[in-house]
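Novice: This is what each chain is made of:
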Amino acid sequence: MSHDHAHAGHADDHHHGPVQLSDGFGKWILRWITTTNHKDLGTLYLLLSCTMFLIGGLMSLVIRAELWMPGLQFVDPEFFNQMTTLHALVMIFGGVMPGFVGLANWMVPMQVGAGDLALPRVNNWGFWILPFAFTMLLSGLFMDSGAPAGGWTMYPPLVLQTGSSFPMLIFAVHLMGISSITGAINVVVTILNMRAPGMTLLKLPLFSWTWLVTGYLLIATMPVLAGAVTMLLTDKYFATSFFSAAGGGDPVMFQHIFWFFGHPEVYILILPAFGVISTIIPTFARKRLFGYDSMVYAVASIAFLSFIVWAHHMFTVGMPLAGELFFMFATMLIAVPTGVKVFNWIATMWRGAMTFETPMLFAIAFVFLFTIGGFSGLMLAIAPADFQYHDTYFVVAHFHYVLVPGAVFAIIAAVYYWIPKWTGVMYNETLGKLHFWLSAIFINVLFFPQHFIGLAGMQRRVPDYALAFADVNEWSSIGAFGFFVAQFLMLYNFARCVWFRGGMQKATARVWEGAHGLEWTVPSPAPYHTFEVPPVLPPDESTVVWDEADEVVTGNKG
Amino acid sequence: MSMMKGGLRLALIAALLASGAAHGVAYEPGHWNMPVGVTEMSRTVFGLHMLIFWVCVGIAVLVFGAMFYSVFAHRKSRHPKPADFHESTAVEIAWTVVPFVILVLMAIPAAGTLVKMEDMRGSEVSIKVTGFQWKWQYEYLDQGVSFYSTLHADSNRARQLHSGIDPNSVPNYLLEVDNRLVVPTGKKLRFLITANDVIHAWWVPDLAVKKDAIPGFVNEMWAIVETPGIYRGVCAELCGRDHGFMPIVVEAVEPAKYEQWLAARKAGQPTDIGHGPARSDVAAASNVASDAVAAVPAQASSEPAAPAAASADGEKVYNAQCAACHQPTGKGMPPSFPALVGSAIVNGPAAAHIQHTLKGKNLMPPFARLSDADIAAAVTHERTSWGNQGGAVTAEQVRAQRGK
Chain A
4 MSHDHAHAGH ADDHHHGPVQ LSDGFGKWIL RWITTTNHKD LGTLYLLLSC TMFLIGGLMS
64 LVIRAELWMP GLQFVDPEFF NQMTTLHALV MIFGGVMPGF VGLANWMVPM QVGAGDLALP
124 RVNNWGFWIL PFAFTMLLSG LFMDSGAPAG GWTMYPPLVL QTGSSFPMLI FAVHLMGISS
184 ITGAINVVVT ILNMRAPGMT LLKLPLFSWT WLVTGYLLIA TMPVLAGAVT MLLTDKYFAT
244 SFFSAAGGGD PVMFQHIFWF FGHPEVYILI LPAFGVISTI IPTFARKRLF GYDSMVYAVA
304 SIAFLSFIVW AHHMFTVGMP LAGELFFMFA TMLIAVPTGV KVFNWIATMW RGAMTFETPM
364 LFAIAFVFLF TIGGFSGLML AIAPADFQYH DTYFVVAHFH YVLVPGAVFA IIAAVYYWIP
424 KWTGVMYNET LGKLHFWLSA IFINVLFFPQ HFIGLAGMQR RVPDYALAFA DVNEWSSIGA
484 FGFFVAQFLM LYNFARCVWF RGGMQKATAR VWEGAHGLEW TVPSPAPYHT FEVPPVLPPD
544 ESTVVWDEAD EVVTGNKG
Chain B
10 MSMMKGGLRL ALIAALLASG AAHGVAYEPG HWNMPVGVTE MSRTVFGLHM LIFWVCVGIA
70 VLVFGAMFYS VFAHRKSRHP KPADFHESTA VEIAWTVVPF VILVLMAIPA AGTLVKMEDM
130 RGSEVSIKVT GFQWKWQYEY LDQGVSFYST LHADSNRARQ LHSGIDPNSV PNYLLEVDNR
190 LVVPTGKKLR FLITANDVIH AWWVPDLAVK KDAIPGFVNE MWAIVETPGI YRGVCAELCG
250 RDHGFMPIVV EAVEPAKYEQ WLAARKAGQP TDIGHGPARS DVAAASNVAS DAVAAVPAQA
310 SSEPAAPAAA SADGEKVYNA QCAACHQPTG KGMPPSFPAL VGSAIVNGPA AAHIQHTLKG
370 KNLMPPFARL SDADIAAAVT HERTSWGNQG GAVTAEQVRA QRGK
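Sequence lines, in order, name chains A and B. My numbering applies: residue 4 is where the first sequence begins, and numbers increase by one. My numbering applies: residue 10 is where the second sequence begins, and numbers increase by one.
It is worth saying that the hints were derived from the structure and are not from the lab. Hints should not be assumed to be uniformly reliable.
For lysine-lysine, the following BS3-like pairs were computed, each having C-alpha atoms within a straight-line distance of at most 30 Å [claimed, not checked]:
(1) B:275 with B:368
(2) B:85 with A:239
(3) A:509 with B:90
(4) A:239 with B:275
(5) B:90 with B:125
(6) B:413 with A:436
(7) A:206 with B:90
(8) A:206 with B:85
(9) A:239 with B:90
(10) A:436 with A:509
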C-alpha cells in the first residue's frame, strides 16, 4: 500500500475527472445535477446549507427588527409568526442538518478510507429532493393566506388554521425526512461496511462515530415525524380526528409524537458537532484525544437517553405526577455523559501545546458556550422550575446557545478546518480570526441577556412586549445585526478559497501540524476520487485517530 | 480571550442582580430574575431556581477556570512539548460519579416540590379559566359569576401596526385588561384550565402557576396568594396572531372585600375592584357604553341581558369583541378569519347575521352573553361600515332572534 495508491486515479483523471465550466455550461450544469461523487454532493449540501442560513438569518433579522423597540413598527403579528415558524424550520432542516450531511459527504469516506459513500445514486437523490422541499416550504410567503405561522412544532389545533400553505408545509417536511433518511442510511452503510482493512470500530475517527450514531437517530425518528404530520394532513382534509378532542382525539398526543422525534432531533443537530470538536481540539493541542473510548460510550449513552426524555418539552401540558418525575430524572441524567465529553475535551487541552488558529478558536468557544447552554438545560430539566421557564425567552436563550455557538460554530469550525483539504489553499487567517471574535462577541450580546428577560416574564413568540423588556431587546437586536454582518467576512474568505485563489497560500497535504487521520494522507486539494484502493492499517495499537507519523499515516507505511 | 472574560463578568453581574433583588415582581423594569412571588410555592420555586443556578455557577467556575488556565499555560509558546497521556480510568470514573451525585442531590428537593405542587386537596375557591383566541374567560364555579377578560383598550390601540401611539405613554402597556380576575387572599385557589379553540397557557409568574389550556381537556393547578396586590401574567403558548396580546391580571383582595365584590358582581352592579383603570380618553357620554359592556358579562350567560343604553357605540363594541379576528378595518385575516367587507352574511338578511353573532360558527365563539343593544350596535356597525349596505338593526330584532 503506497501513498500513490490513494490517488491512483490521477493518471486517468481525464476520464473520471469532473466536467469543468470550460467544457460548456450545459455539461457543467448536468454534472452537478447528475453527480454521484461524494465530494460534489458534499459541496452541494454545504452550498444549500449556506443559502438556507442566509435566508433563515434574514428572517431572524425581520424578527429582531420588529423586537428592537416596543410597539409594532414593521410587520403584522401574523407575518411575525410566519417568520418565527419559517426561521426555525429553515435553520434546522435547511441550515444545520444539510450542513452536517455535507460534512459527512466530504469527510466520512475519506476518514474511513472508502472510495465513495456506499449508495452514490441515493446520495444524489437525497440531495436533489431538498431544493424542492424548501421551495415548497417557502412558497407560502407568496400565497394570499400566508406561510405557516403556527410555530415549527406545528401543534394542532393551531397549525390546522394554516391556509393554502398547509399541505406545502406537510409535504415539505415529508421530503426533508426522506432526504435525511437516505443520507443517514448512506453514512451508516458506508461506515459499517466500507472501512479500510484494520480500522476497527474503536479506531474510527470521532466525527465518523458521531455520524454513525446520528444516522441511527435519523432513521429511527424521521418516520415518526412523517407519521405525525401525515395525521395532521388527514385531520385537516380528510375529517379524521387524531388530534381533535371534539372527535375523540387528543391534541396532546401530537406533542408526544412530535417530541419523540423532536428530542432525538436536537441530538441529531449536536452529535456531529461533538465529533467535529473532538477532531479539532486534539489537532491544535497536538495531543491525542483524552478518553476516546469514554467519548464513544458517552455519545451512545446520549443517543439512548435522547429517546426517553421527550416529555420534558411538555411539562406544562398536565402530565401525571409519575410522568413528570420520570422525565425530570431521565433528563437530568443526560448531564452525566455530556459532562464527560466536556471534561474530556478540557483534559485533551490540558498540558498540550496549543495554537489558536481559527478552527481551534471556534472549538474553544463551542466548549465554553455550549456548556453554558448545557447549564441552562440542566435548570430547565428541574420540572417545578421549568413551570416558570417554559415558553419564555429563557428557553429561547437556552436552545440558541446550544444551536448557534453549539452546532453552527461547529459547522463553521469544520469548514475552516477542512477547507484547505477541499480547495488546496489556506484561508486568510487574519480575516478568520476577525470573523471569530466578531461572531463570538455579537452572539453573546444577542443571546446572553435573553436569559434574564425570560426569567423576568417575557414569553416566546411575541412581536411586542412589556416596557420592562425594552432595553434588553434592543441589545439583542444589535447583537443579531452585528452577528449577521460578521458572517460576510467568512463568506468572503471561503469564496476566495473556492473561486478566487489568486494570492492565497497553497495548502500542504497535512495542512495542520497536529492533524491525524486518513484524510490528510491524500494531496490538497483532495483528488476527485480518493481511496479507490483501500489503505491498509497495521493491526497494532496505534490508531488512525492518533499516530506519530510525520507526513503519512500508519496505514500507508506498510 | 476578552470575550470569555466578558461572558464570565456578565454571569457574575447577573448572579449579583439575582441575589440582590429578593422582592422583585414580574414585569417590573430593572428586574432581571425570576420573581420571588407571593405564594409559598413561588418562594420554594425561586429557592430551587437559585440553588440550581449557584450549583451551575460553581461547576462553571471550576470547569471554565481549568479550561482558561490551560488555554493560557498550555499554549505552544509557553508549553512547547505536549504531554502524551490520553486516558485515566480513575479520573474518568470520578467525573462520571461526582456529577451523578450532585444531580441526585438536586433531584431530591425538586421532586419534593413537584409532589407538593400536584396536591390539589382542600381547595376553597374554584375558578375555571378558558382560553379563547385572544381573551380569557373566568368562571367562578358554583357562584354564577363569569366574565371575559381582554387586553385593555389603551394598550390595544397603541399596539396596532403604525398606531403612532408611543407605548411608553400607556400605563402597563400590554399588561392591563378590561376585567381583572379577582381572588381572595389566604384561600387555596384551584384553577381549572381549558381552552375553546387552540392551545393557550395561563401563566402568572408571581403565583408560580403556568399550565397549558387545551381544548377538550381540563388541567388543574392551585395557589394561595398571601399578599393583596395586582399580579400580571401572559399567555405563554403560541395561539395565533394575537398571542402576545391576551394578558392576565389577577387582583388579590382580602376575603371580606372579595365577598363584597362577588355579591356586587352577582347583582350586576358595577364595582371598582376588578376593573382595569378607566379609559383615559373616552368622552363622558360613551363611558356609559363602555361601562355597560364591562358590567354585562357579569350576568350568567344563560340570562338574556337587560337592554343597555341605546346610545351604545357600535364601533366600540366591535373593537372590543370582534376586531381581534375581523380586524378594525373589517378586512379579517382570511382564511381563518373572513373579511366582513362585502361579506354575503353582512350584506344579507339581518336575521341570519344576528343568528351568526349569537351562536358563533366554526372558530367564532357565540356572543349571546352580550346585551341586545350591544349586539345590535356591533351588527349595525358591521352592516353600515366599509361600504357595506346591510342596513341598521335594532335591539328588538336581536331580542327576537334569541332562543331561535
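Novice: Could you work out which of the previously given hints the structure breaks and list their numbers from low to high?
Specialist: 2, 4, 5, 6, 9
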